[in-house]
Amino acid sequence: MRLEIEGLSKSYKDKKALDSVNLFVSNGIYGLLGPNGAGKTTLMRILAGLITPDEGRVVFDGEDVLKNIDNFRYKIGYLPQEFGCYRSISVKECLDTIGVLKGIDASERKKQIEKILCEVNLSDEYKKKVGALSGGMRRRLGIAQAMLGNPSFIMVDEPTAGLDPEERIRFRGFIRKFATNRAILLSTHIIEDIKNNCDGLALINNGKIKQFNNFEELENMAKGKVWKMVVDSDDFHKIDGKYKILSTNTNANGLEIRIYSEVKPSEDAVAVEPTVEEGYLTWINA
Amino acid sequence: MDKRINKMIPLSFDLKTVGYGGYFILLAFAATIIFHLMLMGGSATKYISLQTTVFIISVVGVLVWILPAYVEVVKPESKELILSLPIDGLTFGFLRMVRLFALYTVFVLTLLFVVYVIGNENRLEYGIVEVFLISGAVFFISGLGMTVFLISKNLVIGYGIPILWVSISFFYRGGASWLWHTCHWINPNPFESSLKYAVSHWITGMVLYIISAFIIKQREYLMG
Chain W
1 MRLEIEGLSK SYKDKKALDS VNLFVSNGIY GLLGPNGAGK TTLMRILAGL
51 ITPDEGRVVF DGEDVLKNID NFRYKIGYLP QEFGCYRSIS VKECLDTIGV
101 LKGIDASERK KQIEKILCEV NLSDEYKKKV GALSGGMRRR LGIAQAMLGN
151 PSFIMVDEPT AGLDPEERIR FRGFIRKFAT NRAILLSTHI IEDIKNNCDG
201 LALINNGKIK QFNNFEELEN MAKGKVWKMV VDSDDFHKID GKYKILSTNT
251 NANGLEIRIY SEVKPSEDAV AVEPTVEEGY LTWINA
Chain R
1 MDKRINKMIP LSFDLKTVGY GGYFILLAFA ATIIFHLMLM GGSATKYISL
51 QTTVFIISVV GVLVWILPAY VEVVKPESKE LILSLPIDGL TFGFLRMVRL
101 FALYTVFVLT LLFVVYVIGN ENRLEYGIVE VFLISGAVFF ISGLGMTVFL
151 ISKNLVIGYG IPILWVSISF FYRGGASWLW HTCHWINPNP FESSLKYAVS
201 HWITGMVLYI ISAFIIKQRE YLMG
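Order-wise, the sequence lines are chains W and R.
Those letters in the first sequence? Residues 1 to 286, by UniProt numbering.
Those letters in the second sequence? Residues 1 to 224, by UniProt numbering.
Calculated directly from the structure, the hints in this document are not laboratory data.
Wrong hints could be hidden among the right ones.
As the list claims (entries may be wrong) - Have a look at the derived ranges for each label pair, beta carbon to beta carbon:
id, chain 1, residue 1, chain 2, residue 2, range
1, R, ILE210, W, SER88, 22 to 30 Å
2, R, VAL131, W, GLY135, 47 to 55 Å
3, W, GLY173, R, MET206, 38 to 46 Å
4, W, PHE24, R, GLU220, 21 to 29 Å
5, W, LYS111, R, ALA102, 26 to 34 Å
6, W, PRO35, R, GLY224, 20 to 28 Å
7, W, PRO35, R, ALA102, 49 to 57 Å
8, W, GLY135, R, GLY224, 21 to 29 Å
9, W, GLU82, R, LEU164, 25 to 33 Å
To be verified - Some chain R residues close to chain W (C-beta under 7 Å, calculated; not the full set):
id, residue
10, LYS16
11, GLU77
12, SER78
13, LEU95
14, VAL98
Since the model is a prediction, treat every value here as computed from it, not as a measurement.
Ideal Cβ placement from N, Cα and C applies to all residues, glycine included.
I would like the entire structure built from these sequences, with the hints used as guidance.
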């Protein structure tokens with residue numbers, strides 16, 4: 001599977017939501033990381049055929065999908081940020097209905113639903129009304145519906161937002177399990193989702209996107225700009241505001257802080273290896 | 001991947017999505033019948049009053065029957081998913097609406113026929129033209145409700161405008177309703193023919209159904 005996005009742009013009145021976006025996705029999990037309002041959902045919605053871009057191309061396995069978006073819809077699975085449809089029917093009926101809308105045959109649908117319910121640990125809840133599911137279960141139902149029809153490309157928008165840590169870890173596990181022989185584009189503003197799960201990543205901010213080949217490449221963006229030092233509380237207040245403090249950690253010697261600075265902030269400061277978060281902050285603030 | 005074919009949502013699913021609205025219509029019919037036949041006494045006009053009330057409930061009730069089936073395409077928490085699916089205006093929109101309309105209309109026409117039969121001679125006419133007129137009124141109001149609902153993306157407006165239309169038609173006896181005097185059967189305009197109203201309701205209803213099916217395909221508009 002190969003999905004190539006070339007020069008995609010979209011504006012809303014004066015605001016440019018996407019600005020000549022280029023992205024390449026193949027089999028595996030691709031993280032799309034960016035702050036709220038960066039353009040992630042706009043990109044997802046264009047790929048899901050919900051909105052039309054002002055310009056640009058989306059090529060899926062050699063085919064320009066924007067020219068035949070109806071056909072492309074059969075090949076994708078999409079879990080939007082908001083998933084609350086058909087609350088008055090059961091989990092199984094919900095999947096069955098979505099399966100019908102995806103054009104899957106009755107016998108195939110039955111087989112797939114049983115398998116997917118088992119994979120997302122909802123087999124015991126199949127009779128439960130969708131509206132009665134917990135937030136985590138509803139997300140699992142969401143990924144189950146995206147998997148129906150065996151799509152080769154799945155998009156998941158902010159899948160772990162609002163989930164508790166246990167459910168978040170479980171959800172990441174499902175995503176990993178489903179990534180075999182298909183591409184999953186996972187949009188999030190939570191760095192943990194990307195760091196623990198993705199094979200590739202792209203950062204998006206103010207409608208501009210940058211794709212990274214690996215996490216080291218992102219970390220290297222902050223190389224030589226992250227410093228560690230130990231301070232007392234008086235010094236901390238002096239430093240805070242003057243420099244961007246990335247993290248603090250209390251230990252026996254005082255307060256150990258990591259600072260973002262283009263230049264060495266103090267004689268005591270030591271340059272350290274940056275993390276993914278620090279690389280991300282560097283790119284976002286660049 | 002093979003090209004798949006759009007199929008109709010199972011009828012059982014649609015019946016469930018009607019939910020409490022369906023029970024509400026049945027309850028309204030039952031209450032009307034009980035009131036007229038048991039509590040109203042032996043008045044000569046009670047059967048006409050019963051036919052009138054059942055007609056009004058039928059025409060308005062079709063909104064409660066059809067609109068909830070499409071609420072998912074405008075609700076913020078569900079529309080993004082539904083509209084990302086390969087739904088089309090014909091099977092998801094037009095044919096599904098026609099199926100719901102047909103089922104409902106068979107029920108109300110049967111109910112009105114029963115009321116007609118038990119009404120002896122104290123009743124409104126109920127022949128072929130009247131069947132055409134009544135079903136046309138239901139068809140037009142359901143199409144109007146769907147179109148207004150999808151354009152406004154608001155269920156209350158989807159109910160409100162057609163109900164307002166029925167009220168104007170009833171109280172003004174078609175005076176401000178032009179070709180669409182929906183209540184002509186129960187409160188006729190003496191200067192116009194039933195057939196003319198029936199035809200105009202059917203044709204306009206069909207146009208409104210087609211417009212609704214077209215709007216369902218306009219994902220960007222519904223997303224906005």
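Checked hints:
For ILE210/R and SER88/W, the Cβ-Cβ distance of about 29 Å falls inside the hinted range of 22 to 30 Å, so the restraint holds. Against the hinted window of 47 to 55 Å, the Cβ-Cβ separation of VAL131/R and GLY135/W comes to about 51 Å, which satisfies the hint. At roughly 52 Å, the beta carbons of GLY173/W and MET206/R sit outside the given window of 38 to 46 Å. Hint check: PHE24/W to GLU220/R, Cβ distance near 26 Å, so the stated range 21 to 29 Å holds.
As the Cβ distance of LYS111/W to ALA102/R is approximately 33 Å, the hint placing it in 26 to 34 Å holds. Taking the beta carbon of each, PRO35/W and GLY224/R are about 23 Å apart, inside 20 to 28 Å as hinted. The hinted range of 49 to 57 Å is satisfied by PRO35/W and ALA102/R, whose Cβ atoms lie roughly 51 Å apart. At roughly 27 Å, the beta carbons of GLY135/W and GLY224/R sit within the given window of 21 to 29 Å.
At roughly 32 Å, the beta-carbon separation of GLU82/W and LEU164/R lies within the given 25 to 33 Å, and the hint holds. Below 7 Å, beta-carbon pairs count as interface contacts, and LYS16/R has one with chain W at about 5 Å; its hint therefore holds. Of the supplied interface hints, the one on GLU77/R holds, with its beta-carbon coming within about 3 Å of a beta-carbon of chain W, less than 7 Å. For SER78/R, the interface hint holds, the least distance from its beta-carbon to any beta-carbon of chain W being 3 Å, beneath 7 Å.
For LEU95/R, the shortest C-beta to C-beta distance to chain W is roughly 13 Å, which exceeds 7 Å, and the interface hint is violated. For VAL98/R, the suggested interface contact is broken, since its CB lies about 18 Å from the closest CB of chain W, more than 7 Å.
This entry does not satisfy hints 3, 13 and 14, going by the numbered hints stated previously.
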